[in-house]
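*Asks:* Dock chain A against chain X, hints included.
So the sequence lines, in the order shown, correspond to chains X and A.
Numbering of the first sequence is given in UniProt numbering, commencing with residue 1 and proceeding in unit increments.
Numbering of the second sequence is given in UniProt numbering, commencing with residue 1 and proceeding in unit increments.
Check the hints yourself; a few may be wrong.
[Unchecked claim] Computed list of lysine-lysine pairs in DSBU-like fashion (alpha-carbon distance at most 30 Å, straight line): (1) K132/A <-> K241/X; (2) K54/A <-> K15/A; (3) K15/A <-> K33/A; (4) K100/A <-> K132/A; (5) K43/X <-> K15/A.
Keep in mind the hints are simulated off the structure, nothing from the lab.
Quantities reported herein were computed from a predicted structural model and do not represent experimental measurements.
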Amino acid sequence: MEWTDEAIVLSARPHGEAAVVATLLTRGHGRHSGLVQGGRSSKQRGNLQPGNRVSARWRARLADHLGTLTIEPIHNNAAAMLDDPLRLSGLVSACTMTEVALPDREPHEPVFHGLLALLEAFETPVWAPAYVRWELGLLQELGFGLDLSSCAATGTNDALAYVSPRTGRAVSLSAGEPYRDKLLPLPGFLAGHGGWTDREVLAGLDLTGHFLERNAINTGSGGASGQMPAARARFIERYRKMATLSGSR
Amino acid sequence: MSSSEIERLIQLLAKLPGLGPRSARRAALHLIKRRESLLSPLSDAMREAAEAIKTCSVCGNLDTRDPCAICADPRRDAALICVIEEVGDLWALERTGSFKGLYHVLGGTLSALEGVGPDDLNVTGLINRARKPEVTEVILAMNATVEGQTTAHYITDRLADCEVTVSRLAHGVPVGGELDYLDDGTLTAALRSRRPF
Numbered sequence: 001m002e003w004t005d006e007a008i009v010l011s012a013r014p015h016g017e018a019a020v021v022a023t024l025l026t027r028g029h030g031r032h033s034g035l036v037q038g039g040r041s042s043k044q045r046g047n048l049q050p051g052n053r054v055s056a057r058w059r060a061r062l063a064d065h066l067g068t069l070t071i072e073p074i075h076n077n078a079a080a081m082l083d084d085p086l087r088l089s090g091l092v093s094a095c096t097m098t099e100v101a102l103p104d105r106e107p108h109e110p111v112f113h114g115l116l117a118l119l120e121a122f123e124t125p126v127w128a129p130a131y132v133r134w135e136l137g138l139l140q141e142l143g144f145g146l147d148l149s150s151c152a153a154t155g156t157n158d159a160l161a162y163v164s165p166r167t168g169r170a171v172s173l174s175a176g177e178p179y180r181d182k183l184l185p186l187p188g189f190l191a192g193h194g195g196w197t198d199r200e201v202l203a204g205l206d207l208t209g210h211f212l213e214r215n216a217i218n219t220g221s222g223g224a225s226g227q228m229p230a231a232r233a234r235f236i237e238r239y240r241k242m243a244t245l246s247g248s249r
Numbered sequence: 001m002s003s004s005e006i007e008r009l010i011q012l013l014a015k016l017p018g019l020g021p022r023s024a025r026r027a028a029l030h031l032i033k034r035r036e037s038l039l040s041p042l043s044d045a046m047r048e049a050a051e052a053i054k055t056c057s058v059c060g061n062l063d064t065r066d067p068c069a070i071c072a073d074p075r076r077d078a079a080l081i082c083v084i085e086e087v088g089d090l091w092a093l094e095r096t097g098s099f100k101g102l103y104h105v106l107g108g109t110l111s112a113l114e115g116v117g118p119d120d121l122n123v124t125g126l127i128n129r130a131r132k133p134e135v136t137e138v139i140l141a142m143n144a145t146v147e148g149q150t151t152a153h154y155i156t157d158r159l160a161d162c163e164v165t166v167s168r169l170a171h172g173v174p175v176g177g178e179l180d181y182l183d184d185g186t187l188t189a190a191l192r193s194r195r196p197f
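Chain X on its own, in the form it takes in the complex (with noise of 0.2 Å):
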């Protein structure tokens, strides 16, 4: 068994003394993992560093053996983000989420897109509500889309202000009043509206993480621990925080 597939670096754990287990995003393979010889070594490390686009190529006797991966760099992603915290928890919020969302060795094309185009987002400064987006494109991608295009009460698609956390769908402004307390906010740039503000973005992620929680992660699918990551939850914490500190827009 090989292939050969562009893929994007999720983790790299130890294995004995020199090699690494790393599991990647590929592009046509899913969430795949193989033993790297030799990637604790100096000259590999800092290519299985978390977001980095790789190469890989794969080998293994048999479909359902860990097998080996062969690493070549394409462009390092993460060493533009070592000195910014912010982004770089992000960074690590994303490839978290990716290994304990998506099932193993299932392919999942739209979730590899979306990965590579939050990479190129970190660099610009609308990255923040990209990253929201994407983690509702991986809500999508495993079968848990939320439904924003019209209001589940009133068929309406005007002034569209909260999202039911039972069914996922928008609720309009006037339709969601009575129920505020029970509702999840929609943030304005889910719903169509242009710009976007550090609370909005917050309140984009408290939805997703609703979604995520109870669809992708408490129901042991992939490698779901049941628990959501601790690298999200130390994202938001900075995103508050750096939010509170420069006054939230």
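*Replies:* Just chain A now, kept in the frame of chain X:
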């Protein structure tokens, strides 16, 4: 076939870094052949080390006394604390002989997938030390990896209330490094960390 004692020796040696079953067998044979000159002194030394070596309650270093020789040395600069991930990193910095301050061993890095959280690291001890009036600077000497730098940023946040300067080791071109052979990540970090010349 060898006896159970020899097999046990081989099995234990095979657990050491750098040794597999074959090399452990060779090492065991080598030790047995040099019973008086090597095996007995080695076993004595290992027993003594197991009994005597402690973890320093101040910095987390390994030594035969607590506080360790570095923490107890009055010639060291108590104003500087260098934070490292593991004791091996402390030994690496000590080998350079260029740092005369004190150390603080965290005991690892934050890792979401491995389930290592802030409570699993020796962060509280560092905050308590950084609050002491004589401490003026904390140097974060974490590995230039995503996990290492995530931990460094976390510690920086935790040290915000302490009246200390927080610095970190430089990232970039290693001594003797040729640009043509460096990976793009190192070059990116080097460009970002450039300084007036």
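*Asks:* Does each hint hold? Answer for all of them.
*Replies:* Okay, the hints, checked on the actual structure:
Of the pairs offered as hints, the one joining K132/A and K241/X holds, with about 26 Å between alpha carbons and a cut-off of 30 Å not exceeded. Taking the CA atoms of K54/A and K15/A, the gap is near 22 Å; set against the 30 Å cutoff, the hint holds. A hinted pair counts as satisfied when its Cα atoms are at most 30 Å apart, and K15/A with K33/A qualifies at roughly 21 Å. Using a Cα cut-off of 30 Å, the hinted pair K100/A and K132/A holds, with the two alpha carbons roughly 18 Å apart.
Taking the CA atoms of K43/X and K15/A, the gap is near 26 Å; set against the 30 Å cutoff, the hint holds.
Of the numbered hints listed earlier, not one is contradicted by the structure.
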